[in-house]
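Please work from the sequences and hints to get the whole structure.
The listed protein sequences derive, respectively, from chains A and B.
Just so you know, we're using our numbering here: the first sequence kicks off at 268 and counts up by one.
Just so you know, we're using our numbering here: the second sequence kicks off at 230 and counts up by one.
The set of hints was computed from the structure by calculation and includes no laboratory data.
Where a beta carbon is used, it is the ideal one built from N, C-alpha and C, also for glycine.
Take these hints with a grain of salt, some might be off.
With the C-beta cut set under 8 Å, the calculated list includes, among others, these residues of chain A facing chain B [claimed, not checked]:
#1 E388
#2 D420
#3 V425
#4 G427
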Amino acid sequence: MMNDTAIREHLARYRAGIAGAGGLGSNCAMALARSGVGTLLISDFDLVELSNLNRQYYFMNQVGMLKVSALKENIALVSDKIKVIAHPIRLDRNNIPEIFAGCDVIVEALDSDEMKQMLIETVQTCLPGIPVVVGSGLSGWGKSNEIRYRKVDDTLYVCGDEYSTPGEDMSPMAPRVLMVAGMQANTVIDILMNKP
Amino acid sequence: MKIMLNNREEEFDADTLSVREMLNLKKYSFRLRVIKINGELIPSGQYDTTFINDGDEVLMIYLMSGG
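Shown next as structure tokens:
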């Protein structure tokens with residue numbers, strides 16, 4: 268068994284990419300920072316809005332800030348040992364390989380199904396070998412046991428129920444979003460702890 | 230033909246199917262997915278030109294909006 272210090276020393280060597288800093292990305296990033304993952308590379312072009320605060324790791328006084336800047340601030344409040352690389356940019360097929368090259372694992376934490384598909388396909392095609400941890404299906408409430416983790420192969424993992432979608436006038440809610448974000452962070456830790 | 234779809238055996242009344250044809254036969258309700266055939270990712274732009282054959286292993290992630 269490893270102790271806390273040995274685990275933190277191990278995790279400090281790695282870089283996790285986080286695509287999207289909304290409900291999944293912000294909460295997943297905080298869990299990875301608290302766990303001691305050395306470098307977090309976070310991309311999101313959006314600003315914090317009041318309506319995000321029902322599920323995203325931001326605060327009232329951060330409304331209007333770039334999400335990546337607000338998240339960097341919040342990570343610094345829990346640890347001064349985590350390096351945060353912020354990319355306030357809209358991801359596309361051309362910039363993804365450049366931005367995420369060098370990551371040991373990538374968390375897919377984007378909002379729309381189109382963006383999720385684009386990111387996963389681009390990473391699997393252009394950055395082969397880097398595992399992607401996908402979040403899919405986190406809307407509504409209850410049904411805790413329908414949220415699960417699934418390993419597709421050594422480079423592809425999914426967390427979520429894989430069926431629920433946000434309603435027209437209803438955004439996802441914190442409890443199920445945090446469950447999936449926590450599961451994604453847990454999968455990242457597992458992948459990194461299994462590296463030599 | 231028989232294929233393995235997400236580790237379950239599925240039988241189709243055809244010798245070969247394009248990825249698009251297979252998706253239409255399965256009548257999935259969700260819009261988007263990620264597909265791998267025998268370990269190789271099939272980009273969504275190639276669903277009409279990529280074919281699934283007997284014995285193939287197909288893995289699929291169902292993509293739901295929300296993040």
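### Query
Regarding the hint that V425(A) lies at the interface with chain B, is the smallest CB-CB distance below 8 Å?
Given a least distance of 5 Å, the restraint on V425(A) holds.
### Task
Double-check G427(A) for me: the hint is only fine if its C-beta lies closer than 8 Å to a C-beta in chain B.
holds, 7 Å
### Message
Does the closest beta carbon of chain B sit nearer than 8 Å to the beta carbon of E388(A)?
### Response
With a closest approach of 5 Å, the E388(A) hint holds.
### Message
Next item in the hint list is D420(A). Is there a CB on chain B closer than 8 Å to its CB?
### Response
Where the cut-off is 8 Å and the nearest Cβ of chain B is about 7 Å from D420(A), the hint holds.
Hint compliance for this structure: no hint is broken.
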